Amino acid sequence: MRKIAGICLSVFFCMGLLSGCSQQTDVETSTVFVEKKGSIVSVDVEKFDKEYYDAEELEKYITERIEVYNKTSGDAVEKSSFDVEEDTAKLKMRYQSFEDYAKFNGIEFFTGTVVAAQAEGYDFDTEFYGVSEKKDGQKDVNSKDILKEDNNKVVVIKANVDVKVDGTVLYVSKQDTKVTAKDTVSIMGEGANEEAALTYIIYN
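Going by the numbering used here, the first residue of the sequence shown is number 564, and it counts up by one from there.
If you're looking for bench data, these hints aren't it; they were derived computationally from the structure. Model, not experiment: these values are computed from the prediction. It is possible that some hints are incorrect.
[Claimed, not checked] Within a straight-line C-alpha distance of at most 30 Å, the following computed DSBU-like cross-link-like pairs (lysine-lysine) qualify:
#1 Lys711 x Lys721
#2 Lys600 x Lys634
#3 Lys741 x Lys716
#4 Lys716 x Lys666
#5 Lys716 x Lys610
[Said to hold, decoys possible] What follows is a set of in silico ranges between Cβ atoms, one per label pair, in the way DEER data are often shown:
#6 Lys666 x Asp612: 27 to 33 Å
#7 Asp612 x Asn714: 44 to 50 Å
#8 Thr731 x Lys623: 25 to 31 Å
#9 Glu690 x Gly730: 32 to 38 Å
#10 Asp708 x Glu683: 43 to 49 Å
#11 Gly675 x Lys642: 31 to 37 Å
#12 Asp739 x Glu712: 44 to 50 Å
#13 Lys642 x Glu758: 45 to 51 Å
#14 Glu662 x Glu690: 38 to 44 Å
#15 Glu627 x Ala682: 34 to 40 Å
Every residue, glycine too, gets a C-beta built ideally from N, C-alpha and C.
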């Protein structure tokens, strides 16, 4: 494969596929799953419609990145599946912890309790809305009220992806977010991951 093709593949990954399943692989957009015991699963979904893209080379690239990471981190990152169908690539990855996801993908990411997030320096200084099943929908919520419930869990992430938690979403920061299910939030900011807003998702 030409050098330019290899360069384009690297750019392709940097822009999305690695920024970063049964029902999990059924998703149509890139999704991060926060599991009950702290492990993280990501399914990255990207267009694969250029003539110079090569599925075998792409999978080799993924495997090499994982091997390099695991040399210093144990078996913290695992490729569960990689498929290319109808000009779409889907990559499912499993991470031992949110720290591994953040480090491997170069993305700001935290999961834990609200009080633990505060201890890590997250100040929750943004606008929030509460999620309601009632017809009147969303209500603005003061961040001070959210911090009072410090045993609730929180996901903090800076990426334009869907996030699915193991619980029920209670509050979400306003910017570029949409609650699409009781356990799922879509982050819809423009631009690459480094330009995404810092999103807070509080759940129980």
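The hints, checked one at a time:
1. Lys711 x Lys721: holds, 24 Å
2. Lys600 x Lys634: Judged against 30 Å, a Cα distance of about 24 Å means the pair holds.
3. Lys741 x Lys716: Given that 30 Å is the threshold and the Cα spacing comes to 19 Å, the pair holds.
4. Lys716 x Lys666: holds, 21 Å
5. Lys716 x Lys610: violated, 33 Å
6. Lys666 x Asp612: 27 to 33 Å: About 30 Å separates the Cβ atoms of Lys666 and Asp612, which means 27 to 33 Å holds.
7. Asp612 x Asn714: 44 to 50 Å: Given a distance of about 46 Å, which is inside 44 to 50 Å, the answer is holds.
8. Thr731 x Lys623: 25 to 31 Å: At roughly 40 Å between Cβ atoms, Lys623 and Thr731 fall outside 25 to 31 Å, so the hint is violated.
9. Glu690 x Gly730: 32 to 38 Å: Once the Cβ atoms are compared, 22 Å apart, the range 32 to 38 Å for Gly730 and Glu690 is violated.
10. Asp708 x Glu683: 43 to 49 Å: violated, 21 Å
11. Gly675 x Lys642: 31 to 37 Å: violated, 26 Å
12. Asp739 x Glu712: 44 to 50 Å: The hinted range 44 to 50 Å is violated for Asp739 and Glu712, with Cβ atoms some 24 Å apart.
13. Lys642 x Glu758: 45 to 51 Å: Because 27 Å falls outside the window, the suggested range is violated.
14. Glu662 x Glu690: 38 to 44 Å: violated, 28 Å
15. Glu627 x Ala682: 34 to 40 Å: Cβ of Glu627 to Cβ of Ala682: about 36 Å, so the range 34 to 40 Å holds.
Violated hints for the displayed structure, listed by number in ascending order: 5, 8, 9, 10, 11, 12, 13 and 14.
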